[in-house]
Amino acid sequence: GAVVSQHPSWVICKSGTSVKIECRSLDFQATTMFWYRQFPKQSLMLMATSNEGSKATYEQGVEKDKFLINHASLTLSTLTVTSAHPEDSSFYICSARDRTVYTGELFFGEGSRLTVL
Amino acid sequence: AQKVTQAQTEISVVEKEDVTLDCVYETRDTTYYLFWYKQPPSGELVFLIRRNSFDEQNEISGRYSWNFQKSTSSFNFTITASQVVDSAVYFCALSEAGTGRRALTFGSGTRLQVQP
Numbered sequence: 001g002a003v004v005s006q007h008p009s010w011v012i013c014k015s016g017t018s019v020k021i022e023c024r025s026l027d028f029q030a031t032t033m034f035w036y037r038q039f040p041k042q043s044l045m046l047m048a049t050s051n052e053g054s055k056a057t058y059e060q061g062v063e064k065d066k067f068l069i070n071h072a073s074l075t076l077s078t079l080t081v082t083s084a085h086p087e088d089s090s091f092y093i094c095s096a097r098d099r100t101v102y103t104g105e106l107f108f109g110e111g112s113r114l115t116v117l
Numbered sequence: 001a002q003k004v005t006q007a008q009t010e011i012s013v014v015e016k017e018d019v020t021l022d023c024v025y026e027t028r029d030t031t032y033y034l035f036w037y038k039q040p041p042s043g044e045l046v047f048l049i050r051r052n053s054f055d056e057q058n059e060i061s062g063r064y065s066w067n068f069q070k071s072t073s074s075f076n077f078t079i080t081a082s083q084v085v086d087s088a089v090y091f092c093a094l095s096e097a098g099t100g101r102r103a104l105t106f107g108s109g110t111r112l113q114v115q116p
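Chains as they are written, first to last, in the working numbering: chain A, 1 to 117; chain B, 1 to 116.
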């Protein structure tokens, strides 16, 4: 089946630093990837839609200058949390849709747990 | 706008009991997909089922079964003879069909605890 790999699985950083999370589709091409954020005991909330070769589309309330998304190729999207603060501590999950499969299904990465001290 | 409601925040059962997790959805799309995912404590999402809006047949997979009723906009999930390993958070989700770029919309999740 389609595999999405996310790296790193967990990261601890100091307040004010930037953290980059990578999301790769390993065996398929994804023109669109999605980034979700999940706070403890809450649901997955869509942050942004990452479009290959163009700017990401952010959901209302998500700061695009703080959460930088780059989708440089059909298999890689990155999320950079700039000047991270403790309130950014969360579980970030990426997902991708296989461009050749029209079943609505998204394939999810394993998630990246960010802790900002 | 799409919306998924999982009214049960947390359910606790004893092993071998049957349990049903409710899911009600709202969408203006005429064609759409419904999903259930399991999220164990490790965090990764485990895909359980996808159902498209034209297929109202119920489905059974081992101890799992799903009841899709378009008339009530519900897509409920039943675990028969629950086991401790079933303990997890379960999410119901909705997506438009076709080639749309829309993401999945998730419900708030139901935390299932199966006691030995």
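Any given hint could be a false lead.
[Stated by the list, open to error] Covered stretches of chain B (in silico footprint by chain A; criterion: 3 or more residues with CB under 8 Å from a CB of chain A, positions within the stretch not fixed): (1) 69-81; (2) 104-110.
[To be verified] Derived BS3-like pairs (lysine-lysine); straight-line CA-CA distance at most 27 Å: (3) B/38 - B/16; (4) B/38 - A/14; (5) A/64 - A/14; (6) A/66 - B/38; (7) A/64 - B/3; (8) A/20 - A/55; (9) B/16 - A/41; (10) A/41 - A/20; (11) A/14 - A/41.
Don't read these hints as lab results, they were simulated from the structure. Note that beta-carbon positions come from the ideal geometry of N, C-alpha and C, so glycine has one too.
Comparing the hints with the structure gives:
no., hint, verdict
1, 69-81, "violated (count 0)"
2, 104-110, "holds (count 6)"
3, B/38 - B/16, "19 Å, holds"
4, B/38 - A/14, "32 Å, violated"
5, A/64 - A/14, "21 Å, holds"
6, A/66 - B/38, "30 Å, violated"
7, A/64 - B/3, "24 Å, holds"
8, A/20 - A/55, "17 Å, holds"
9, B/16 - A/41, "26 Å, holds"
10, A/41 - A/20, "24 Å, holds"
11, A/14 - A/41, "24 Å, holds"
Hint compliance for this structure: hints 1, 4 and 6 are not met, and every other hint is.
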